[in-house]
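**Student:** Sequence:
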Amino acid sequence: MVIKRMVAFFLLMSLAALAVLMLRYPEQSWQAGVRGLAIWWDVLFPSLFPFFVISEIMLGFGIVHFLGKLLDPLMKPLFRIPGSGGFVLAMGFASGYPVSAKLAAKLREQRLVTREEGERLVAFTTSSDPIFLIGAVSVGFFGNPKLAGALALAHYGGALLIGGIMRFYRAGAPGTEVRADAASSRRLSLKQALQAMHQARISDGRSLGELLRQAVVSSLQLMTVVGGLVVFFSVILEILTASGVMNALYAALRWLLPAVGLPAELAEAIVGGLFEVTLGAKSSAAPEGIPLMYKAAAAVFILSWGGLSVHAQVASILNSSDLRYLPFLFARFLHGLVAAALLLLIWEPVMGAAPAFGLFSPAEAAQLPGWRSVPAAFRLALALVLTLIILSVLSRIIHRWLAKPKKYLS
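Under our numbering, think of the first position of the sequence shown as 254, with each following residue one higher.
Don't read these hints as lab results, they were simulated from the structure. Mixed in with the good hints there might be a few duds.
[As the list claims (entries may be wrong)] What follows is a set of in silico ranges between Cβ atoms, one per label pair, in the way DEER data are often shown:
1. LEU271 <-> LEU647: 50 to 56 Å
2. TRP508 <-> PRO628: 44 to 50 Å
3. ALA424 <-> GLY396: 40 to 46 Å
4. GLY425 <-> LEU655: 21 to 27 Å
Bear in mind that the values here come from a model prediction, so they are computed numbers and not experimental data. Glycine included, C-beta positions come from ideal geometry on N, C-alpha and C.
Let's have the full structure, built from the sequences with the hints guiding it.
**Tutor:** Encoded structure:
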């Protein structure tokens, strides 16, 4: 009780201090708010809203249940989550944060995952989208298309490693109930997948018009929350910079970074990235005289951490369910460290052998965020789902092949 009162008092004093700073720096606050609103409308709205609507419709039609049955043989052994988590993985990797948090909360609402499974799912499927990583960061900020391969391997490879680590999070907790007998639940069956989709559609019961209306309304409500948080953190970061508060954070990090073997000049980029991912990733490319390897490591740390703006978006989404925020916070920080370390490990072989990504020129990269990125993101999501299904089939074939000798020995 005392701790809650202290936290409430601290939040109240912080908000009061921020209000005073906004009055002290009104012009900077206004400009930061306009910039945040532009980012939301030009970048986030077109890249997130279609995914939110399509995902809601796919849940209502039972397509997620269908994919869940097909992906069970892969997702359960690897990550200790149901096959429906594979859909969240594909959509989250293709569209970026905070889509996976929204989908995990919906799966939890429909009792397709347990509380612990949902927390594992959000922890490792929250990532940057490839369009932003390749087009904006590699080509736009760094001006180096070859960097895209190293960043993608470190970022998404690190996310999968975090998924393997989070597999042991609350390992003793009961998993999702299996409604079929044990033998049939282990079998990869298209018939069972179609039955699951049919049952889910019957249970939902909404007409196409009602389903579409509710999907649009709920997605617009969530996009409003996301936009408000983006503007809020944009203003906070600007007034903290204008007031000199950020200088104290820069000084502290400049002292810490050399102790871990990193250049002190990256302090401003990392501190900025702790608050907002776009600003941090852009700042990481700016310092002169620093080896590209270290600047890329800072960028991939920032992309994996996500920024407090993304954390606030995820926390607001999880607040509508019983999924907890702390496992997500731990996983984001660990993902940042793992991705940065992974990039340093693979730097020489990848950058020496990787061809330049010819997807975007610098001019195209500057125009890419927005509605132009939507078709590419949907194609990527479809490709990821198909890849996961193929891997699931291979996993089941290997499992049956390994189980054959045991049957003859018994």
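**Student:** Confirm or reject each hint.
**Tutor:** These are the hints, each one checked on the structure:
For LEU271 and LEU647, the hinted distance range of 50 to 56 Å is satisfied, since their beta carbons lie about 53 Å from each other. Our hint of 44 to 50 Å for TRP508 and PRO628 holds, since their Cβ atoms are close to 47 Å apart. Look at ALA424 against GLY396: about 45 Å separates their beta carbons, and that is inside 40 to 46 Å. At roughly 26 Å, the beta carbons of GLY425 and LEU655 sit within the given window of 21 to 27 Å.
When the structure is compared with the earlier hints, no violation turns up for any of them.
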